[in-house]
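Trainee: Sequence:
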Amino acid sequence: MSPKSPAQKRKLGKTHYIFVTGGVMSSLGKGLTASALAAVLQARGFSVVQQKLDPYLNVDPGTMSPFQHGEVYVTDDGAETDLDLGHYERFTGVPSGRYSNVTSGQLYWDILHAERKGSYLGKTVQMIPHFTNAIKDFILQLEGRADFALVEIGGTVGDIEGMAFIEAIRQFARERAMENGTGTSNQAGRCCFMHLTFAPFLNAVGELKTKPSQNAVRDLLRMGIQADVVVVRSEVEIPQPELDKIALFANLPTTHVVSCPDSDTIYRVPVTLHMHGLDGAILHHFSLKAPKPNLMRWQHISKIMAQPPRKVTIAVVGKYVQLGDAYKSLNEALLHGGFAHDAKVEIDFVDSEALEKLTDKQLAERLKKAAGILIPGGFGARGTEGKIKAIQYARQNGVPYFGICLGLQMAITEYARHMAGLKGADSTEFTEDKGAPKHPIICQMTEWQTPSGEKMVRTATTDLGGTMRLGAYPALLAKNSLAATIYSADEAPSRITNHESRITVSERHRHRYEFNPRYRETLEKAGLVFSGTSPTDPDLVEIIELPKKVHPFFIAVQYHPEFKSQPLHPHPIFAAFIAAALKN
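The numbers in the sequence shown follow this note's numbering, run straight up by one, and end at 605.
Calculated directly from the structure, the hints in this document are not laboratory data.
It should be emphasised that the depicted structure is a prediction, and the values quoted were computed from it without experimental measurement.
Heads up, the beta-carbon is just placed ideally off N, CA and C, and yes, glycines get one too.
Among the hints, a few may not be true.
[Said to hold, decoys possible] Heads up, simulated SDA-like pairs for lysine to any residue below, C-alpha to C-alpha not over 20 Å straight-line:
1. 569 - 509
2. 455 - 465
3. 313 - 296
[Claimed, not checked] If you anchor each label on the Cβ, the simulated ranges turn out as follows:
4. 465 - 389: 53 to 63 Å
5. 126 - 312: 21 to 31 Å
6. 543 - 158: 46 to 56 Å
7. 144 - 317: 49 to 59 Å
8. 385 - 126: 38 to 48 Å
9. 35 - 257: 35 to 45 Å
10. 262 - 533: 50 to 60 Å
All chains, please: the whole structure from these sequences, using the hints.
Mentor: So, in structure tokens, the structure goes:
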């Protein structure tokens, strides 16, 4: 069992479970709705924790293409997880961990390994009870962590791969009710089934249709689960008569069928759900009372998005720009940086591969509207030369620059080529596509030490899945550096500690390649500043920057600060980057 998340003040004796399922179709926003509800419950004085159960067969999303799955979200303890966990943390501030996300693949992996060891004592291993028991055991890790545990079931009710998960949560609710001595009735137990559905608006006839929602509730009932609360997603506000009709067929009080129309920003959703009574329906189900929530801060940032006092454009130069979810946490962290200055950030996604074909004049024309340039993480050679061209443009023209992961590696490569005289400098990651680099400025990590002291060893033949440098690692900051100045101004002191009078920060990593320390002295002589390194291995570079006298704002980090940014608590580097862009 993973370590418990930081203690939250609890009000209830036992954890109450809210299972979030979806009907009609995928992409209804179950994770976002659950996160917004969790934020409202927090505002009413309750503690919360969240979990995602994914029915697909991958062990984790770590080896999946961003075009298939969106970004991979990394937790402090090194779990590669679903991007919905990013919503969970951004809306609640409660850190996730390995207990927060599991897939069918991981559960099958564990069951089959146990079977090979003889752990089942000769029994026939079956979906019921062994697979469903594994699901229930995973959910039970949440017991005692918070007042409310919101558990999202991935996919859509009726999917073949998800049926065992629906059966498992049915059993789970029954068992919790029997523990309470209330028989098999979930209504009197510690569980609530919240079902998201969809009501399409047909423009041709000007009507809102409730039949898909009615059928979705029936589909869930066929699997043994009576929905306790139904959240109806729609492009438009749903009139009360339509909600009443859904309530009739769902066998629910009308107050337990809640409208959730599309919003102009996701950060308005907590306010919207409260206005439509979702938190009230949840508390009514559990026979609980609580003070009204104060949602003023959510209203404030929503107003910034809807009526921004000022705007700033940031160019995100990447290779997965066709799919916004590939950079989900990054996109949101940029918005958070704007919130810190009452500004709306408008993101200009720039295809790095397309930049490779442009002349210097054309590239300048393409990027001239950007007040800041950000290079995000990524893998593979495609588009890297375009990223290097964008970095060179930012460096030579004084445009604020922020590099993340591969964005650090490409910034070092650009500087090595054009300022340190190391022509042919490149990463060994791209050898298969570009040939062996003359100067392997970036190379594969072969050994490193985890914060717990464990020695990790990797080779070129190591499996790809789960073998990167993953999770939270410390970085020791150089005195009087831009990085130290940024973190010193952070309003969240829990993010930093002091180490021999120098600031140490903890940030999440996900990378396989690292700066080659053999070139450090050469680059330092050329003016590059290595302002953050690992406290346990100074050869591991975490942050590079240019002096203020050379460039107004040029910084790059090996880690992923976007994973720790929240709308109500923006990450300090994003806030500083946006501040520099606003001045540009």
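Trainee: Look at each hint and say if it fits the structure.
Mentor: Verification of the hints:
1. Distance check on the hinted pair: residue 569 and residue 509 sit about 17 Å apart at the alpha-carbon level, within 20 Å; holds.
2. About 16 Å separates the Cα atoms of residue 455 and residue 465, which keeps this hinted pair within 20 Å; it holds.
3. The hinted pair formed by residue 313 and residue 296 meets the criterion: a straight-line CA distance of about 11 Å does not exceed 20 Å.
4. Taken as a hint, the range 53 to 63 Å is violated for the pair residue 465 and residue 389, whose Cβ atoms sit roughly 37 Å apart.
5. Separated by about 43 Å at the C-beta atoms, residue 126 and residue 312 break the suggested range of 21 to 31 Å.
6. For residue 543 and residue 158, the hinted distance range of 46 to 56 Å is satisfied, since their beta carbons lie about 54 Å from each other.
7. The hint said 49 to 59 Å for the Cβ distance between residue 144 and residue 317, and at roughly 56 Å that hint holds.
8. A hinted range of 38 to 48 Å holds for the C-beta pair residue 385 and residue 126, which are about 47 Å apart.
9. At about 39 Å, the CB distance of residue 35 to residue 257 agrees with the hint of 35 to 45 Å.
10. The beta-carbon spacing between residue 262 and residue 533, approximately 57 Å, falls within the hinted interval of 50 to 60 Å.
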